[in-house]
Amino acid sequence: MKRSPLIAIVMGLVLALWIYTSSVKPIPTMNKVQSTLTEQIQEALSNYNNGESPESKMKGIFQIRALADMHPDNADLQWHMGLFSMQSGQYEKAVARFEKVISLNAQRVDAYMQMALSFAALQDTSSAQNVLSTLIEKSKGDLQQRAEVMLEKLK
Numbered sequence: 000m001k002r003s004p005l006i007a008i009v010m011g012l013v014l015a016l017w018i019y020t021s022s023v024k025p026i027p028t029m030n031k032v033q034s035t036l037t038e039q040i041q042e043a044l045s046n047y048n049n050g051e052s053p054e055s056k057m058k059g060i061f062q063i064r065a066l067a068d069m070h071p072d073n074a075d076l077q078w079h080m081g082l083f084s085m086q087s088g089q090y091e092k093a094v095a096r097f098e099k100v101i102s103l104n105a106q107r108v109d110a111y112m113q114m115a116l117s118f119a120a121l122q123d124t125s126s127a128q129n130v131l132s133t134l135i136e137k138s139k140g141d142l143q144q145r146a147e148v149m150l151e152k153l154k
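In terms of numbering that gives the first Met the number 0, the sequence shown has 25 at position 26, counting the first letter as 1, and numbering is strictly consecutive.
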C-alpha cells in the first residue's frame, strides 16, 4: 500500500516536468533569423533570375522590395534594390540605395562604383568624379583600376 502513493507522486512529478519542458520554447538566435533572411533573399533572387516571364521576374523584385521594407538596415537588400533601380532607369533612387549601402557597411566599396555609374547616367559628371575619387582611395586591385579608367573617361 505504501508503494501506490509513492508511484503516484513520482508520476505526477514526471508529468509536471514534461508539461513544463514541452511548453518552454527557446528564444530564436540572431543567426537563425539572419539565415532565414538570407534564404528569403536567395529565393527572391532565384525567382528573378530564373523567371521566364516578366511576371515571374517582377515577383522576385516585389519579394526583394518587401524584404527591403521590412529590413531597411540590411545592406544586401539595399544593394539589390539599387541594382534593380539602375536596370529600370531610376538612377536617383539607385544613388540613394547605394548611399544607404555605404552607410550600413563601409566595406562595400563596390557600391561606390554603382553610385558613380548612376551619377554618370544622370549626367552628373562632378558627382561621379567625386565618388570615383573616393573609390580609388578606398579600393585596391581591379576595382581601383576600373575606377581610375572611368575617372579618366569622365575628365
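Warning: the hint list may mix true and false statements.
Unchecked claim - Quick list of the computed label-pair ranges, beta carbon to beta carbon: (1) E147 with S102: 19 to 29 angstroms; (2) M69 with L12: 40 to 50 angstroms; (3) E54 with K139: 20 to 30 angstroms; (4) D72 with P4: 51 to 61 angstroms; (5) T35 with K152: 38 to 48 angstroms; (6) L82 with K154: 43 to 53 angstroms; (7) V13 with S45: 40 to 50 angstroms; (8) N104 with D68: 11 to 21 angstroms; (9) D141 with E91: 43 to 53 angstroms; (10) E38 with E151: 35 to 45 angstroms; (11) T20 with M69: 49 to 59 angstroms; (12) T37 with K58: 14 to 24 angstroms; (13) S3 with T37: 30 to 40 angstroms.
Honestly, the hints are just simulated from the structure, not real lab data. Yeah, the Cβ is synthetic: ideal placement off N, Cα and C, and Gly gets one too.
Quick rundown of the hints versus the structure:
Between E147 and S102 the C-beta distance comes to about 25 angstroms, which sits within the given range of 19 to 29 angstroms. Taking the beta carbon of each, M69 and L12 are about 45 angstroms apart, inside 40 to 50 angstroms as hinted. Checked against the given bound of 20 to 30 angstroms, the beta carbons of E54 and K139, roughly 42 angstroms apart, lie outside it. In this structure the supplied range 51 to 61 angstroms holds for D72 paired with P4, their Cβ-Cβ distance being about 60 angstroms.
Distance hint check: the CB atoms of T35 and K152 are about 43 angstroms apart, consistent with the given range 38 to 48 angstroms. At roughly 27 angstroms, the beta carbons of L82 and K154 sit outside the given window of 43 to 53 angstroms. Separation of V13 from S45 is about 48 angstroms and conforms to the stated range, judged on CB atoms against 40 to 50 angstroms. At roughly 19 angstroms, the beta-carbon separation of N104 and D68 lies within the given 11 to 21 angstroms, and the hint holds.
Taking 43 to 53 angstroms as the suggested C-beta distance range, the pair D141 and E91 does not conform, at roughly 28 angstroms. Between E38 and E151 the beta carbons are some 42 angstroms apart, a value that agrees with the proposed interval 35 to 45 angstroms. Distance hint for T20 and M69: a CB-CB separation of about 33 angstroms, inconsistent with the stated range 49 to 59 angstroms. Here the CB-CB span from T37 to K58 is close to 19 angstroms, well matched to the stated 14 to 24 angstroms.
The hinted range of 30 to 40 angstroms is not satisfied by S3 and T37, whose Cβ atoms lie roughly 56 angstroms apart.
Checked against the numbered hints given earlier, the structure breaks hints 3, 6, 9, 11, 13 and satisfies all the rest.
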